[in-house]
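Protein chains in written order, with my numbering: chain A, 1 to 405; chain B, 1 to 405.
No lab work stands behind these hints: they were computed from the structure. Some hints here could point you the wrong way.
Since the list gives no way to pick out one identical chain from another, each pair is judged satisfied if it fits inside one copy or across any two copies.
No farther apart than 16 Å at their CA atoms in a straight line, the calculated lysine to aspartate or glutamate pairs in the EDC-like style are these [as the list claims (entries may be wrong)]:
{"#": "1", "residue 1": "Lys353", "residue 2": "Glu385"}
{"#": "2", "residue 1": "Lys29", "residue 2": "Glu76"}
{"#": "3", "residue 1": "Lys256", "residue 2": "Glu5"}
2 protein chains.
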Amino acid sequence: METLETYYQQRFAARTRRIQASTIREMLKLTTQPGFISFAGGLPAADLFPIERMAQVTQRILLEHGAQALQYSTTEGYLPLREWIAQRMPGASPENVQVVSGSQQGLDLIGKVLIDPGSPVLVEAPTYLGALSAFNPYEPQYIAVDMDDQGLCLDALEAALKQQAPRFLYVMPTFQNPSGRLMGLQRRQAIVELARKYQTPILEDDAYAELYFNGQPLPTLYALDHALGGGNVIYLSTTSKTLAPGLRVAWVVGPKPVIQKIVYAKQGADLHSPTLNQMLVYELVREGEWYRAQIDKIRQTYQTRSRWMLAALQKYMPPEVRWIVPEGGMFFWLSLPEAVDSLELLQRAVAEKTAFVPGQPFYADGSGKHTLRLSFSSATQAQIEEGIRRLGRAVHQMLGREPVA
Amino acid sequence: METLETYYQQRFAARTRRIQASTIREMLKLTTQPGFISFAGGLPAADLFPIERMAQVTQRILLEHGAQALQYSTTEGYLPLREWIAQRMPGASPENVQVVSGSQQGLDLIGKVLIDPGSPVLVEAPTYLGALSAFNPYEPQYIAVDMDDQGLCLDALEAALKQQAPRFLYVMPTFQNPSGRLMGLQRRQAIVELARKYQTPILEDDAYAELYFNGQPLPTLYALDHALGGGNVIYLSTTSKTLAPGLRVAWVVGPKPVIQKIVYAKQGADLHSPTLNQMLVYELVREGEWYRAQIDKIRQTYQTRSRWMLAALQKYMPPEVRWIVPEGGMFFWLSLPEAVDSLELLQRAVAEKTAFVPGQPFYADGSGKHTLRLSFSSATQAQIEEGIRRLGRAVHQMLGREPVA
Chain A
1 METLETYYQQ RFAARTRRIQ ASTIREMLKL TTQPGFISFA GGLPAADLFP
51 IERMAQVTQR ILLEHGAQAL QYSTTEGYLP LREWIAQRMP GASPENVQVV
101 SGSQQGLDLI GKVLIDPGSP VLVEAPTYLG ALSAFNPYEP QYIAVDMDDQ
151 GLCLDALEAA LKQQAPRFLY VMPTFQNPSG RLMGLQRRQA IVELARKYQT
201 PILEDDAYAE LYFNGQPLPT LYALDHALGG GNVIYLSTTS KTLAPGLRVA
251 WVVGPKPVIQ KIVYAKQGAD LHSPTLNQML VYELVREGEW YRAQIDKIRQ
301 TYQTRSRWML AALQKYMPPE VRWIVPEGGM FFWLSLPEAV DSLELLQRAV
351 AEKTAFVPGQ PFYADGSGKH TLRLSFSSAT QAQIEEGIRR LGRAVHQMLG
401 REPVA
Chain B
1 METLETYYQQ RFAARTRRIQ ASTIREMLKL TTQPGFISFA GGLPAADLFP
51 IERMAQVTQR ILLEHGAQAL QYSTTEGYLP LREWIAQRMP GASPENVQVV
101 SGSQQGLDLI GKVLIDPGSP VLVEAPTYLG ALSAFNPYEP QYIAVDMDDQ
151 GLCLDALEAA LKQQAPRFLY VMPTFQNPSG RLMGLQRRQA IVELARKYQT
201 PILEDDAYAE LYFNGQPLPT LYALDHALGG GNVIYLSTTS KTLAPGLRVA
251 WVVGPKPVIQ KIVYAKQGAD LHSPTLNQML VYELVREGEW YRAQIDKIRQ
301 TYQTRSRWML AALQKYMPPE VRWIVPEGGM FFWLSLPEAV DSLELLQRAV
351 AEKTAFVPGQ PFYADGSGKH TLRLSFSSAT QAQIEEGIRR LGRAVHQMLG
401 REPVA
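So here's chain A without its partners, still in its complex pose (with noise of 0.2 Å):
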């Protein structure tokens, strides 16, 4: 027998051949190491995760419904959860909602539904990485449509969906990863009525749908489309940035012909989602006044990081450097000068023992190299000052500059 690489190089499919490992991924595996302060992972703060309320009501499921908690339960998910996301959709009912095993799986299974390979997708430029993850097995051809400080632009979004005939337009419109965009009211309305004009479904990824830190949610694409006639946005949610990531609890509410295929898809991927994962996050999210005063103790431990980010950028970065101020989210998007490749700022900032995600990753396209991402979900006070810093210093060096400090 040849070696196993090779053995079984000839038998991989041919969708994951094309699977590269990621230099980016292998360099950030270094920053466990003592010292580092890394602003790479997209992780929500663990020291809000309601531990001990949590601990609580698994007591009480598993000592009073366990034998439901810890068997087989339907593929579509657990009813009353799928009742309270219905509750918040216009015009949906439980029939419209599947759940599902974080918002990556929903991605997954709407690939697997709605693409075949060379299927157009439309995507923003830049996107979520993992989107792209989730999509690439099914092969789509992508076509990133530019964007502004409001979101996709609208003359670029149509030119593309005129010469298109794309199998959906995917689209984060609130504080999107990586950018931390929000989408404007108006943008919103027209890539709506854009997206029915054109007969192309929006995919509307929520996840960060409860991080403002100040004023009033902006209607959701799905309820913008529903007051339209609806059937034309697929909606995605999640508890991972509200309750916590761990858990895998995420959801799908769509038109009945596409939650009908996901449900078979997700029948043949891992036949449901966790049951006493989705039992804990309804009896969490029902208690409305509670959980409500936890989005609230993100909201504000959030933009209060935020701002310390935000000051350190300022004190730090030469002025080159530009981002966008995040109203909300868990994530500040950079644009270095066009002669600095973040990768090679990676480089140097692992040196200096800090780290971010370089922005190429994040373009369907392949540009963006002189973009980054920093999450400041996670970080203390102390870890924004000195990391941001170090990430200075290393930024200035690649400028041939004298850093601040």
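With chain A fixed as given, assemble chain B onto it according to the hints.
Below, chain B alone, put in the same frame as chain A:
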């Protein structure tokens, strides 16, 4: 806009358009009605779930390691659990282990990694229905290999291996779902050797590994292959049948090149399995003595229930009906007279308020019309007596005979 059904029908991926609603699934939805005795679901006995211990252990994990249990974690899975799994598999290290959300997810990810449209895949006739659901979206060309009482027929297997270049051979050698068959040691050895000779990897699904009623477990195909040099078996097992299925904790053990691809596939599919669930399973299985006692309790209970079912079958079935007496697992597999279509029988059975799963969906080649699967794992003695009596009556009716009772 046309109807939503038509609108999306034009946008679904080809792999999805083939999926049809299942008549059987619809019929079995009726089995939740009061008075129904169903042997259809392959449900582990909920009365044996170690609920109180799980409640205690979960409480401890959350209060002592809550931040870890609720945070994002690595795609590969919880390291102590992977170490525990690796220790039980000859020659394996944690790098050979991927934790998955139920064996079902293992099947899906392996399909994603190894099946191209049209790839030949060898399966047993009958085979696990859920494996077909997992593989179907990747559009393999199934080759169903005949079985005798010892498992796959060697001549048929060799002929198939010779003619095709299958991507893999999928087998469940221990208490197969649906047939309950236990593949003998000689047959195991021969199959492992044939697969190596024809350079076809084996996918060994060992979900029922621990459910021997008596006697010493036979070596796994993985172990037999390891003794010949290893690298040709990808192995799947789970805690769904020993602890509880609702937790969705299972694993794939395989050659590193395959596991690496599975890691990438899983990262795109759902990032990782729930951290809390993995930690809970680890804390339970690491208590070797307790875990052994838990499994013994399940074995004894299932053996008792299988004997009740055997007695009822002997009492109520006409002599033409044949079955395999299981030496473990959760199922009886019945062969009816060729004249009796088990889908028609199901309609009569449902009218009598009892149910089973018709055998045909377990055959990749659409044969098996006169077979059916009965699960005894969750039934009481009274349910078995009365349910099999009803079923016997329906069989007698279809044969135009007077029932026994």
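Each hint tested on the structure:
1. Proximity of Lys353 to Glu385 under the C-alpha cut-off of 16 Å is restricted to the intra-copy arrangement: shortest distance 14 Å within a copy versus 69 Å between copies.
2. Only between protomers do Lys29 and Glu76 lie at most 16 Å apart by alpha-carbon distance; the minimum there is 14 Å, versus 36 Å within a single protomer.
3. Taking the shortest alpha-carbon separations for Lys256 and Glu5, only the inter-copy value of 8 Å comes in at or below 16 Å, while the best intra-copy value is 44 Å.
Hint compliance for this structure: no hint is broken.
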